[in-house]
Structures are given as C-alpha cells and as structure tokens.
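Colleague: Read off the chains here:
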Amino acid sequence: MAKQSLSFALEPRASANLDDYVMECAWSPDGKSLAVGGGEGKVALARLNGAALTLSTVGEHLLGTLAVAWQPHGHLFASAGQDNSLALWDGGDGRERLRLKPAPTPTQALAWSPDGASLASAAGKGVTLWSSLGEKLHTFAPAASAAVALSFDKPGTDLGVALNGEICVHRVEKSRYETRRYKWPAACLTVNFSGNGRFLATGMADGSLHFWNRSTGKDSQMRGYDGRLELTGFSDNSRYLASSAGHEVVLWDFGGKGPEGTKPIVLNGHTERVDSFAWQPGGEHLVSAGRDWRITLWRPGKTTQPIDVQMGDAEYSVLRWSPDGKFVVAGEKKGRLTIFELVAR
Amino acid sequence: MSVTPSRVPVTVLTGFLGSGKTTLLNRILSEKHGKRIAVIENEFGEVGVDHQLVIGAEEELFETNNGCICCTVRGDLIRILGQLMKRRDKFDYIIIETTGMADPGPVAQTFFLDDELKNQFSLDAIVTMVDAKHFEQHVDELNEPAEQVAFADLVLLNKTDLVDAAALERIESRIRGINGTAKILRTQNADAPVDQVLNVGAFDLQRALAVDGAFLEPEYPFEWGGVYQLAPGNYLLETAGEHDHSEHDHGHAHHGHDHGHHDHDHGDHDHAAHTHADLDVVLLPVAAATADALAAAIEPAVRAFADPAAVVPCHGTLELAPSHSAIDLSHPGADFTVTIAQAGAYALFCEHHPLEFGLQLAGLRPAAERRFASHHHADDISSIGISDPRPLDPAKLNQWLDYLLKTRGQDIFRMKGVLNVKGEERRQVFHGVHMMFDAQAERPWGNTPRMNSLVFIGRGLDRAEFEAGFESAVAK
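Top to bottom, those sequences are chains A and B. Using the working numbering, read the first sequence as starting at 1 and increasing by one per residue. Using the working numbering, read the second sequence as starting at 1 and increasing by one per residue.
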C-alpha cells in the first residue's frame, strides 16, 4: 500500500481587487463570503462562487479600517476604524446595521465570542462587550494603558486583553466579570490562548515571547527576536506556538514537557519580513507571507522545509484560512485578494 | 522583489503652551506647498483644517525594557505610524505635535526603536517653539522649557513683536547657552517660511554641526567680541537712548541681565538699594580689523578677563588691556570714554552681548564680530562640542560611547557626531536621543580634511569628562 501523500499545495482559484491596502479579511462561517477592511478605509464584502470572486464596497471608515471580524455561526460582521467608529454589517446584503462610537479614540481590536453572542471591542484604555444587536453588555474598568489586542479562549469564558505591562484576562462567563492579570514589564502586542486552554501567550515590544501556564501561573520568556514581536499564534491542536518578527517563522513545541529549555523549530523560507501567517483550522498546515512576494505552505510536524511556495507579484499583508481549512485568502498591500485552495498532489 | 521605499520625513513640533504651535500647524496645513502632510497631534485636538489627515494620539509611554529608565518610546505613535503606512496614497510628510509639557525624548526615541521604524521614517528635525514674551519667566520656573530647547534642531523664537531688541538678544543668548547647535529663527505669529521648518534635514549632521560652532567651544568669560578700525581720538562707549529710555524699560533690561549674573561677585553691594549693574569689558589692540585677528585676540582677552576688574563709573575712561574694566551701567544712558592714541584695529570683548544694553562704540558697526558661549547662565543644561582631526579607534570609540550612555544616558538629551574612524574611507555619522541612537556610514571624505565633530547637549555635563572620553577613543 502506498504511503499517505505528504504532498499538499496551494492552487489559485479566484481573485478580485479591493483597490485599497488589504488590512484584514474575515471569512463567513460557511466559507462563501469574506469581509474585507482596507488601510484607507474601505469596507467590502466578497463572495466566492466557484472560480469567481466578486467584491463590492459596502462602506468605509474615514482614514482607515483597523479591524474586521465575522460573527461565528452568524451572518454579521463587525468593523472598526480610525474614524473612532465601530460598525455592524449584514453579511447577507452588505447593509450597515448600525454604527457605534465606543470612545473618542479609534477601536484597535475586535473579537467575537466563539458562540457569536457577544463582540468585544478595544478602544484606547477601554474594553467593551456588546451584544450582536449593538447593546452594551459590559464595560470593563479602564486599563492603565491602551488595549491593543483581544482574544477569547476556545470555550468563550475568558477574554484576553493585551496591554502595556500585562495581559488582563476577564472572565466573561455568566456575566461574572472577574479579572486576572498576567504581568510582565514590557508592552504586550498580541494575545493568544492555546486551544486546550492550558497556555496564554503574548508577543512583546521588547522582542520577546512570553507565555504563562494558566493552571500553575508559571511564566516563561523566549528572547532573541529581531524587534517587536507582532505575530504569534497557536496551532489548532495546541502543539505549536508560531511567532515571527522577521523573515523566519519560529515555532515553539508545546508537546511533551513544553518548550522550556528546548530549541525552537525555525522555518526558514522567506527572504524578507513575514507580515502574516495563519494556522489551518482542524489541520496542521501553516501559511506565511510577507514582503518577499511569496506565500509559503508549511507542515511543521513533518518537515521544516516549505512544502509549497506560490510566487506573487506584490507584498502580502494578510493570510486567512477558511473555517473548513480548505481555502486560504491572501490579501496584498496593493489591494488584490486571491483565494487559494489546498489540494493534495 | 520588494523595493525599499524612500523614508517619510518626520518633524516633531514641541513648545510650551501658548508658544504658537497650533498657529504654525494650521498655517503649514493651509499653505500651498504641494506636500501631503499627516499630522499626529496631542489628544486635545486643536488643529482643524479640512481635507487634511489629522490623527489624535493619546500619549502612552512604553519602556523598552533594556533596564534604562530613559529609554521610553511612544506606544501610541508606533501603532499610528504603522497604520499610516497602510495607506497607498502615501503622504509625504508627518508632523507630530506634542503637548506643551511633554518631554520630546520619547517621541524622538520612537524613531530609533528598531529597523522597521528606521527604514520607514526619518526624523527630520525637532522644532521647538519659544514664546519670546514668556520664555524667561517659564525657563526660570520650570524644567520643561529648557529641556524642549535642549532637544531642538530648530528653535522658532516666536512673538518677537512683543518684546524689545535687548530682550530678544538675552533670550537668544540663553537659548544658545542651552543648545549650541540649534538654528534659531525669529518669527511673529509663527510666520516661519514652511521650507525652513519642514525638510530642513537637521539630521544632516554636516549641516547641523556647522550651525554656530562658537557655542560648542569651551565657555568664555565673554559673550561677544567685535573689532573696529579706529583713528586716534576720543570715542564714546555709550548705552542707547539717554533721553527716551524710561526707568521702566531700563529696569526691565536689568531684570533680564540679572538672570545671567551668577559668578559675578558683587560682594557687599546692596542689591536692594539701587539697580546696580556692571558689565565686564576688555579693549585691546589687534593686528587687523578682521575675523581672524579677532580670533587671535581671544586668548589675550581671556587672560585679561582673569584679572580683577577696575570699576569704571559713568563718564569714566576705559583703559586698554591688559586692564579689565567693569563699566557701571546702573544709570540710564551711561557713557564711557575710550582714548585711542595710535591708529589701528582694536577688539572689544563684552561679558554680555552689547545689544542687551544698547551699548555701542561711537555708533560704529564692528568690522567683524563674533558671539561666544558663556557660563554666566543659570541653566544647568548646556552643549559640549568636540572638534578634533585625529582618527578614532572603532573598538575604543564603542567602549566610550557604551560607557557614556550607560552612565550618562539620562542626562544626555541629544548627541550628534561626524566621526573620522581609522581605516574608514567614509564619514561615520551618529545621532541619538538619550541612550538610543543610530549610526551609519555616509559619503566618503574624499579630499575634505578629516575631522571628528561631536556635540552633546544635556544636563550637568562636564566638558573635562567628555574630552577625556574622546581622548581614550583616539587611535594610537
């Protein structure tokens, strides 16, 4: 019997042009639509229909979109921008449902709870929890610094907030808003929970990666990054934590006794800075892309070599897997969106 | 492959409350200069010009966690700059306005944080607006105004229409005492030409270091020197406006003058009893009425100043050097006689700039004149310049700078340098804010004489310490 094929590749299927710097893309749960935010402020809805990707602009955030997030299990998507507003859109017809001004400062980050019932937004030092109808459910006490990233854990009971000098974890289960603080004296730029809930990780402005074991509270620091660490993410199976602050993607193996005292796996396939990477939902693939105009497909559990490379003709700004893990959308700084399909060869 | 785009120049605009920052910004934004400018202003947005990119920023300081408390950067700025770069219709300039009380350090340091920022932005200049009307009061009462001046590459001395010429001289002199390298532009209603405020390339070090080099020299006991070609005869050294100079104005001038008086020993004089004010002067013959001859006279003038002064009362006669005179300016319109026996060139050195008192020698304009840095100022912030042609040993240089920044980083607000490093064909340039700095090789020396030029601006700096440090870095 033949060995199982290791050979996967990305094949371009469809593309469209946003005519704006692609800041963020968010897939609808059914994988048929994409909400897209542009650096100059466009908010667009893209539909994938076989080999056709049609894109229509539905609105804007004056001076730039900062965040876009699609409601899990739902048909709404949220966007926020430099105009200090937060908008909720109907992903079916593209209509703007409502627009809020959570604060007199831009909303930097958005995160839907995994059940799609609530939306967290971070503007300045304030974090607010909204219902999908735009009702304010809770306003957390202002932090000492600006909240720059948000993330729910997998069950949706905890909301992590990246701040200067700490990660705040707010318990949001059954409206009990308790807060636990994970402190480290540097600015946190990202926040990730491992899927199994055991670890909390953050990329930091001092060029280090910090993570905490949530049951013991023990923390560890991985140093040596070349500048601010703005990209971090756990693989879907919680085995690896990927990170990048340059042209390499660095993986820490959380299998066995964990990554402490181990050397990381270094994925070396880019010649320029990596600006985005994404782990495959329900799978083990990782895609990365950035300034060297190439999209690289990895399967770190099997090999540290790229298993596929797609050469483009522009710098990529964002990569996102479809919820079923079969497609990847790649957004370019020049505005093009391309849908790739993961295929076995 | 990706092409490195040209860096977007950034001007940091600082200045005390009411100094005219907003007026300047509004004017820059509304003037037709063909630049697309993004303004990042402090959280209390005051600037409002339609169709311009104006973003409010809430100051948020991040420590860089390298163990040094002076290494703080602006986290909010990093985010905003990152977002600005995600616009394809690139603007070609960024102006960052700081709040009146803000320390410009963290803003400027942000641009040295990492390669990502260094590759995208170039700090063009720190521009400090000074309110001529209130500067003297503010600088005596608070730390911020002097610090903002210390950070500056360009000082806009604004509201000059609200003070008299003597006050302007005093203020300029004070600014010079703090910051020997900044260019000073006098403005009214913030009316500086845009091309002199933006893209000035203050970090073009060759240019920056060429500005008023005199103020980076060792400190002298005099602030001004001038040479005159004089025929035999009696000349009157007189203060301006004997008749129309009111007591009030005179008193005002004295107020400012007294700011500067520190080392001056008035001994048992009773200051409260009368408005006593001496000005130390030295008059000496020189070879010619030229700048070179004036420079050659500096040393004998310093020696003359070291001797005890002979007090010359109003209407008295000034002796030639080696005598050192303290002329009594306590009376409005005071005058003194200078008797010239032999025709020739004469240099006059004054403790303070004569314009502060409207002092003139027989209404003559000097054939050449020069200003000098003086130690007669209250501010503990000053500039130290070092010029030396000897090549430096790169390893020892690093050792020295490392040590310097570790021990004095907090006190050193700015440092700039063009270095002659042994074995290097190109000029090595560096500039920094506190402990964070950027160094790179620039164009080759070619036929120009090799020369190290370094400037440090900071609080409580000791020249001897810097000279010894430099000496330790000289290649043997």
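Note that these hints are calculated values from the structure, not bench results. Errors might be hidden in some of the hints.
Taking lysine-lysine pairs in the DSS-like style, the calculated list, with each CA pair at most 30 Å apart, reads [stated by the list, open to error]:
| hint | chain 1 | residue 1 | chain 2 | residue 2 |
| --- | --- | --- | --- | --- |
| 1 | B | K406 | A | K125 |
| 2 | A | K125 | A | K32 |
| 3 | B | K86 | A | K326 |
| 4 | B | K406 | A | K334 |
| 5 | B | K35 | A | K183 |
| 6 | B | K86 | A | K32 |
| 7 | A | K334 | B | K35 |
| 8 | A | K125 | B | K118 |
| 9 | B | K86 | A | K125 |
| 10 | A | K101 | B | K86 |
All figures in this text were calculated on a predicted structure; none of them were measured in a lab.
Colleague: Now tell me if each hint is right for this structure.
Modeller: Verification of the hints:
1. B:K406 x A:K125: 33 Å, violated
2. A:K125 x A:K32: At roughly 35 Å apart (the allowed maximum being 30 Å), K32 of chain A and K125 of chain A break the hint.
3. B:K86 x A:K326: Roughly 28 Å between the alpha carbons, so the hint for K86 of chain B and K326 of chain A holds.
4. B:K406 x A:K334: 44 Å, violated
5. B:K35 x A:K183: Violated, at about 44 Å.
6. B:K86 x A:K32: Holds - the C-alpha atoms of K32 of chain A and K86 of chain B are around 27 Å apart, at most 30 Å.
7. A:K334 x B:K35: 22 Å, holds
8. A:K125 x B:K118: Holds, because 28 Å separates the two Cα atoms, which is no more than 30 Å.
9. B:K86 x A:K125: 23 Å, holds
10. A:K101 x B:K86: 23 Å, holds
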